[in-house]
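**Q** Sequence:
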Amino acid sequence: MFRVLCLFAAFKAGILLDSGMLFPQESSSREVKELNGLWAFRADRSPTRNQGFQRAWYKSRLAETGPVIDIPVPSSYNDVTQDPNLRDFIGWVWYEREVVVPARWISDGKTRVVLRVESAHYYSIVWVNGVKVAEHEGGHLPFEADIDGLLREDPTTTTCRITIAVNNTLNLHTLPPGSIQYMKDRTMYPEGFFVQNTNFDFFNYAGIHRSVLLYTTPKAYVDDITVVTDFFDSTGLVRYNVSIQGATLVTLKVTLIDKDGHCVVSSNDTSGVLKVVDVKLWWPYLMHENPGYLYSLEVHLNAADGTSTYEDVYSLPVGIRTVKVTKNQFLINNKPFYFHGVNKHEDSDIRGKGFDWPLVVKDFNLMKWLGANSFRTSHYPYAEEILQMCDRHGIVVIDESPGVGIKDMQVFLLVGVVEGRRFRKQSLTLALFIITAASKNLYYLMAFTDIKKIFDSFSIVSISC
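Using mature numbering (1 follows the signal peptide of the UniProt record, and there is no 0), the letters of the sequence shown correspond one by one to residues -17 to -1, 1 to 448.
Be a bit skeptical, because a hint or two may be false.
Listed next, with one range per pair, are the computed distances between beta-carbon atoms [unchecked claim]:
no., residue 1, residue 2, range
1, Arg87, Lys310, 58 to 66 Å
2, Phe176, Leu269, 51 to 59 Å
3, Leu349, Thr141, 41 to 49 Å
4, Val178, Asp288, 50 to 58 Å
5, Asp71, Leu349, 25 to 33 Å
6, Asn224, Asn68, 47 to 55 Å
7, Ser331, Asp168, 30 to 38 Å
With a straight-line cut-off of 27 Å between C-alpha atoms, the simulated DSSO-like cross-links for lysine-lysine are [said to hold, decoys possible]:
no., residue 1, residue 2
8, Lys236, Lys263
9, Lys318, Lys351
10, Lys202, Lys16
11, Lys16, Lys42
12, Lys318, Lys242
13, Lys307, Lys318
14, Lys242, Lys345
15, Lys307, Lys327
16, Lys307, Lys351
Worth flagging that the hints you see were computed from the coordinates, not collected in a lab. Just so it is clear, CB atoms sit at the ideal spot from N, CA and C, and this is done for glycine as well.
Sequences are here, hints too, so could you generate the full structure?
**A** Now the structure itself:
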């Protein structure tokens, strides 16, 4: 898989995952437990911002280390209090929540339990019961860790304590970049005073911005699904590849189901091409009387590993469409498409960049009211739930990496770009992917060809200078 992380690590009992990371969903074989709500919160206000690590705050309840406050997740922490120092805080902040895990997840020995953070800005470290399980650099994209081994270390308890430390400091090697400026004039500033400088024109909101959740799969499970679509005349083509983890002896059934719940075509192969007769294409909003038509690709796995047997079911929405560019036209399904839309931000009062369903629904209603058929995710990848809404409503997306305002050619842009491709590849609304914006560095023009190869089968790649 095309996955690049700044940090690869296997920790004592939790494993930072570098696999398919399909969007969590409930099925007959999978469960999802959201951990959204109020978390205990403490900002490390020490001069070096490292007191939390020096005193190992993750080894005990956060309230035992000093005063804590309630902070909602998902939400930026900047605007939910009346503390101006927290609004502009730069450095490490600490979150904690105790969670009750269903006993059946631990007792049967056949269930895989995964802790997933959908987005935390910017640098995150995660502990479960004081044990480090994950570390991730970059906001706006999810990361996760397999923690069932850790949970089974103490079968007498079903409670686990999740601690997440988040640092929003930006430097020349972060995406987006920034710099720390220490003020040396002691007549105006106290010793150690610093400010965060940025190269972008929006507020540097920080915190856990999207959902934190636990989800389960069987020990043998559907790890990844890749789909590329095409059509000729009235026949649709769905090229698929299913990746399996945890077993060598597998039986698979892949079924494409239409909107009415009817089986259109099926296969027993892990990869192949499904031919759809009288195909219903996915069309953008206002370009067809039935925009956003989605099939469902249902993958049913039966697997064996030694004496154990497993069953897993995962369903992936699929729209059949093509995206092409000529010298003077942008084509969707071989028809000229003109972008009527807006530049958006994940940004709102009080919650900052925190994911909020009412706001998402309102935005979609506003776009349709405007007659918009598209938007640009300026200047970072948006939540997967938003892309799924676009799939359903026929809204075309110009997706953007967080590489805005880059001035130093040493920044390793490919990390964020390739990681983003992995989570965006299934979104059929993505017509264009911008790898960097407001950047005048020729380094990215040189890297453009290599990056384009990674995305070509899914969307068009561009550089915005």
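**Q** Please go over all the hints and tell whether each is borne out by the structure.
**A** Right, here's what the structure says about each hint:
Checked against the hint of 58 to 66 Å, the C-beta distance between arginine 87 and lysine 310 comes to roughly 59 Å, which is consistent with it. About 53 Å separates the C-beta atoms of phenylalanine 176 and leucine 269, a value consistent with the hinted range of 51 to 59 Å. Between leucine 349 and threonine 141 the Cβ separation comes to about 44 Å, which falls inside the hinted range of 41 to 49 Å. At roughly 55 Å, the beta carbons of valine 178 and aspartate 288 sit within the given window of 50 to 58 Å.
Separation of aspartate 71 from leucine 349 is about 30 Å and conforms to the stated range, judged on CB atoms against 25 to 33 Å. Between asparagine 224 and asparagine 68 the beta carbon distance is about 51 Å. The supplied range of 47 to 55 Å therefore holds. For serine 331 and aspartate 168, the hinted distance range of 30 to 38 Å is satisfied, since their beta carbons lie about 37 Å from each other. For a cut-off of 27 Å, the pair hint linking lysine 236 to lysine 263 stands: about 22 Å separates their Cα positions.
Only pairs whose Cα atoms come within 27 Å are accepted, and lysine 318 paired with lysine 351 is accepted, the gap being roughly 21 Å. This hinted pair checks out: lysine 202 and lysine 16 have alpha carbons roughly 18 Å apart, not beyond 27 Å. Our distance criterion of 27 Å between C-alpha atoms is met by lysine 16 and lysine 42, whose separation comes to about 24 Å. Only pairs whose Cα atoms come within 27 Å are accepted, and lysine 318 paired with lysine 242 is accepted, the gap being roughly 24 Å.
The suggested pairing of lysine 307 with lysine 318 holds, with an alpha-carbon distance near 9 Å, which does not exceed 27 Å. Simply put, lysine 242 and lysine 345 have alpha-carbon atoms about 25 Å apart, close enough for the 27 Å limit, and the pair holds. Proposed proximity of lysine 307 and lysine 327 is supported: the alpha carbons are some 24 Å apart, at most 27 Å. Taking the CA atoms of lysine 307 and lysine 351, the gap is near 25 Å; set against the 27 Å cutoff, the hint holds.
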